[in-house]
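Q: These are the residues of each chain, in order.
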Amino acid sequence: MNAPLPGPLNDNPNLDRWVAFPSPGKVTVLTGRVELGQGVLTAMAQIAADELDIAIERVTVRSGDTDKAPNEGYTAGSQSIQFGGVAMRQACADVRALFLDQAAKILGCKADELSISDGRVHRNGTSTGQDYWTLSGAVDLTAKATGGGVRKRVADLKSIGTNSARSDLPGKIFGESAFIHDMTIDGMVHARVVRQPNRGATIGSIDENAIRRAAKGPIEFIRNGNFLAILAADETAVEAAGVAAVNHVTWRNIEAPTPTQQEANWLLQRPVVERVFGAPDAGNPHSKERYEATYTRGYLAHASISPSCGLAIYRDAKLTVWTHCQGVYPLRAALAKTLKLEPSSIVVHHVQGSGCYGHNGADDAAADAAIIAMQKPGQTIRVRWRREEEFIYEPKTPAMVVKVRALLDDAGKPVDWTQEIWSPTHNQRPGAGGNLLGAIALPDPPPEPPPNDVPEANGGGATRNAEPLYDIPAKRILHHLVTETPVRTSALRGLGAMPNVFALECCIDELAERAGQDPVQYRLSITADARARAVIEKVAAMAKWRAGAPSGTGTGRGIAFARYKNRAAYSAVVVELSVDEEIRLHHVWCATDAGLVINPDGVINQLEGGIIQSASWVLKEQVRFDNGVASFDWETYPVLKFSEVPEIEVELINTKDEVPLGVGEVTAGPTAAAIGNAVSHALGARIRDLPLTRARIMAALLKE
Amino acid sequence: MPKKFDFSVNGKTVSVSLDNEETPLLNVLRNELGLMGTRFGCGLEQCGCCVVLVDGAPEKCCTKPIWSVAGKQITTVEGLGDAARPHPLQQAFIDEQAGQCGYCLAGILISAKALLDKNPKPSRAEIAQALDPNICRCGSHNRIMRAVEKAAAIMRAGASR
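Residue numbers (our numbering), protein chains in the order written: chain A, 1 to 704; chain B, 1 to 161.
Because the hints were derived from the structure by calculation, they are not lab data. Keep in mind that a hint or two might mislead.
[Stated by the list, open to error] Selected chain B positions facing chain A (Cβ under 8 Å, derived; list incomplete):
1) 1
2) 54
3) 73
4) 122
5) 123
6) 135
[To be verified] Straight-line alpha carbon distances no greater than 30 Å define the calculated BS3-like cross-link-like pairs of lysine-lysine that follow:
7) A:288 with A:403
8) A:216 with B:150
9) B:118 with A:216
10) A:620 with A:544
11) A:110 with A:216
12) A:641 with B:3
13) B:121 with A:216
14) B:72 with B:3
15) B:3 with A:544
16) A:656 with A:144
17) A:110 with A:68
18) A:288 with A:703
19) A:544 with A:376
20) A:68 with A:376
21) A:641 with B:12
22) B:4 with A:641
23) A:544 with A:641
24) A:26 with A:144
25) A:68 with A:144
26) A:641 with A:656
27) A:703 with A:158
The beta carbon of each residue, even a glycine, is placed where N, CA and C say it ideally should be.
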């Protein structure tokens with residue numbers, strides 16, 4: 001009896017969805033996971049090379065294609081390697097076993113007498129003349145995976161665990177066509193959408209002449225309900241028309257978000273759905289000391305460096321769409337519903353875009369192109385959003401209020417922990433019932449999705465990492481799922497993990513201080529988990545952490561820790577910084593345990609990126625509202641610059657016998673909290689609201 | 001009536017005819033000349049994805065009208081080198097795996113080239129300052145700055161031979 005198949009392989013059991021031998025000497029592996037700038041394609045090639053016993057140079061990875069590749073839902077949640085990679089390992093192991101069985105049949109021997117070396121079958125160390133390609137005609141890869149193929153022992157891994165160079169980077173560095181934005185198809189027509197400001201807004205008037213004058217070239221208007229688009233052969237003309245249209249198309253029923261709504265505290269007193277998880281209410285025992293603190297974070301933008309882009313053509317009753325979204329199958333399902341087509345008549349291909357870090361405008365841009373393509377059969381439509389359009393209309397990660405209540409024992413350690421959260425949903429992806437923007441503007445728009453958030457089984461949304469991993473006898477989460485929001489909210493790197501870990505890890509520091517203990521020692525005293533202790537001790541050693549460094553000197557250090565989703569990678573971060581009117585990051589140390597590491601340098605690259613992005617959120621980022629989204633470009637939504645990034649040192653604890661775990665999101669929370677703790681150490685005053693602006697620093701100092 | 005504009009791109013003289021003389025250089029490079037290496041990021045001269053050299057100086061070209069570069073020499077990332085003959089900067093970026101999504105890299109490579117042309121031994125702070133007009137959202141900054149330092153060292157060694 002074999003172990004159950006890894007999830008994605010169970011969902012897509014036919015082996016030809018995973019592996020193909022297209023021509024002599026070549027192997028193609030197919031994955032539902034897509035390249036978002038994280039090196040996932042290279043990691044998949046390393047996995048295939050080891051499990052198929054083949055040189056990595058022979059491996060081509062195809063990904064994100066509803067025609068061929070397996071359906072693995074979304075590339076999200078740091079799960080590509082943990083689930084997709086493990087499925088790929090098993091699929092390749094099963095394929096290798098099928099070929100060995102076939103070779104044994106031909107050679108009249110037992111399969112276990114045979115081995116494979118770079119695709120060639122050997123018997124007792126000598127070549128048999130058979131290889132994957134001589135055998136492939138006789139091996140039926142439409143067979144279902146059984147899980148019977150034995151995966152390589154850790155000691156036998158050759159490619160896994162090495163710093164295989166990213167296969168996609170050279171093309172980007174030499175300036176080749178690497179992105180969806182660079183696709184050109186003969187006869188391609190450029191399009192811009194005149195965005196409906198909000199659900200229910202209707203077009204009042206269109207000053208076509210003014211827009212045509214601004215275009216300085218021929219353009220065409222396409223309208224379907226309140227979906228208005230401008231088309232042109234020349235991109236310069238259509239871009240100018242798109243810019244002009246903002247001022248020359250009027251709308252009725254505009255609901256513009258206000259400055260009051262931009263602050264997290266606005267979420268209190270809103271309509272909510274109540275969700276409760278964990279231990280029963282502890283009541284209010286008088287015997288215990290009680291500690292309470294409230295932390296907030298504003299709305300954030302994904303702020304991808306490239307505005308979203310999508311291409312589509314409708315021809316011979318078949319719609320073909322090119323997109324840089326995170327899930328080609330869920331997008332296909334949403335397009336089918338919007339366009340009233342059968343999913344089988346739609347093909348969605350993934351083409352790389354810039355880093356997205358979650359649900360940005362990619363799905364919507366693809367839908368824009370598809371909607372227009374349906375009205376212009378036979379023409380390839382390319383929609384590329386404008387920079388301002390991306391900032392204003394991409395889904396935002398929600399503002400959150402997190403209130404922590406701890407009951408303490410005589411030693412000042414928590415024995416009861418409540419994390420109370422006010423947050424809108426972190427998931428309005430098309431596959432989760434969210435609507436494509438274009439669909440909402442069409443006649444007969446789909447209804448608003450019912451309020452929901454990412455299920456706890458998938459790590460939760462607003463509740464992600466709301467429960468401390470520490471040894472606390474009773475823990476509970478109260479989630480007030482806010483159902484009314486000024487802007488569309490959805491998934492950004494780590495979802496609720498960043499504000500939750502910021503709150504709980506800042507609170508742990510406050511409790512340590514209250515107990516008169518060093519933050520590192522305090523954490524270790526409430527953590528039995530060996531892997532948690534290992535990363536905390538490791539990062540303290542890396543940073544040469546000293547207990548008892550005086551606070552309020554203007555220079556500070558802070559530590560924080562989390563296990564992502566309380567079940568994935570472990571990471572601890574130490575930050576050193578100084579504060580005068582502004583915060584200056586000097587150094588960040590990070591120790592991470594992500595189980596078996598496929599590509600150490602790739603993992604370190606992801607951890608460094610997570611640290612810098614989280615630092616940027618904490619120091620600089622909040623989406624402002626002022627009669628609309630007022631953060632609409634890089635000046636109104638600044639991010640961390642080259643001269644502002646700290647030195648970063650990362651070390652991996654490579655626990656090779658553990659499942660490989662994703663790392664894209666694990667540092668988001670610990671970095672935020674370590675900065676918060678370091679700022680408190682530097683100032684001798686605590687700031688509990690993000691971002692840590694100059695105004696908040698001055699206010700904290702005045703309060704002291 | 002289309003107007004003709006002559007200029008040089010990566011050492012070759014090119015001539016384009018356009019109705020709209022305000023057409024940005026970026027659109028001409030990408031849509032008329034098929035040079036896709038220079039990327040569109042904002043169209044507002046804010047992000048640096050579209051930095052090219054104009055007569056040796058780094059400039060954002062997403063709003064730079066074509067008439068303004070007539071007669072000038074443009075260098076794009078394609079002009080630095082290719083897989084067969086990589087520029088030391090390109091080689092160093094590959095060696096350091098200096099990038100994640102890679103969308104910002106073409107503009108950054110050109111900004112770095114402009115820096116090294118006038119300052120062969122920049123400090124880390126000087127590199128950061130030269131790259132501040134370029135945004136990297138993935139957080140590859142430190143790798144990128146290491147790669148520029150490495151390329152600078154290789155170029156100095158090459159120059160002294």
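Q: Among all the numbered hints in the text so far, which are the ones the structure does not match?
A: 1, 2, 3, 4, 5, 8, 9, 11, 12, 13, 15, 17, 19, 21, 22, 26, 27
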